[in-house]
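Here the structure of chain A is known, so what remains is to put chain B in place on it, guided by the hints.
There are 2 protein chains.
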Amino acid sequence: MSRFERHVFTCINERDESDARGCCATRGGVDVHGWFKAEFKARNWKGRMRANKAGCLDACEFGPTVVVYPEGVWYSPRSREDVQAICDRHLEAGEVVEDLVIPGLG
Amino acid sequence: MSRFERHVFTCINERDESDARGCCATRGGVDVHGWFKAEFKARNWKGRMRANKAGCLDACEFGPTVVVYPEGVWYSPRSREDVQAICDRHLEAGEVVEDLVIPGLG
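Residue numbers (our numbering), protein chains in the order written: chain A, 1 to 106; chain B, 1 to 106.
So that you can see chain A by itself, here it is in the shape it has in the complex (with noise of 0.2 Å):
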């Protein structure tokens, strides 16, 4: 068995302001990867459920993005509530969250 149950990895990329991709630090990735570590902290799910800083993900132009392995689903949440989707839908509950996920990345 893996060592978590389900890991989930937020881009924090910064990019200059003259991309034109944008980045996720500045669509909100700072604040998705803390409201997980508030909601983990909160589930007490040290040890069982993991939730990282990233650099670029490669889908600059969809972020906020994540990823959540072992599944390799790509989410783009916006907001906590969008987050605790996740931890209790996904995260908690092995359902795929759809109306979140990142269309065409699998």
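A couple of the hints might just be wrong.
[Unchecked claim] Once the Cα atoms are required to be at most 27 Å apart in a straight line, the calculated DSS-like pairs of lysine-lysine come out as:
1) Lys37/A / Lys53/A
2) Lys53/B / Lys53/A
3) Lys37/A / Lys53/B
4) Lys41/B / Lys53/A
5) Lys53/A / Lys41/A
6) Lys46/B / Lys46/A
7) Lys41/B / Lys53/B
8) Lys53/B / Lys46/A
9) Lys37/B / Lys53/A
10) Lys46/B / Lys41/A
[Stated by the list, open to error] Sample of chain A residues at the chain B side, in silico, Cβ under 8 Å:
11) Ser2
12) Phe9
13) Arg50
14) Asn52
15) Ala54
16) Gly55
17) Glu61
18) Trp74
Rather than coming from a laboratory, the hints here were simulated on the basis of the structure. This structure is a prediction, so every number in the text was calculated from the model and none was measured. We put the beta carbon where it would ideally sit given N, CA and C, even for glycine.
Just chain B, lined up with the frame of chain A:
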């Protein structure tokens, strides 16, 4: 099918020197990430595999720490040759490189 066949995260977290755990940054994490990037480029793996920087993976004392998804295998590569072995044997061929696995992390 997931977006990437395999997704490699390397910790580049930097801690204060006073921290007894040490950190992956001083244990070579930045070099290891760079070696993965260079190998992926040389192998034309863009779009198929991805090498990412990660924040602290909570395995500081075993660093430099790498985790490969979707399998969730934890490695501590110390050299370019170690990184090449992970590329050849795990990422390409799907075999776990047992002698580079961090014991006990699953």
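Violated hints - listed by number, lowest first:
6, 10, 17
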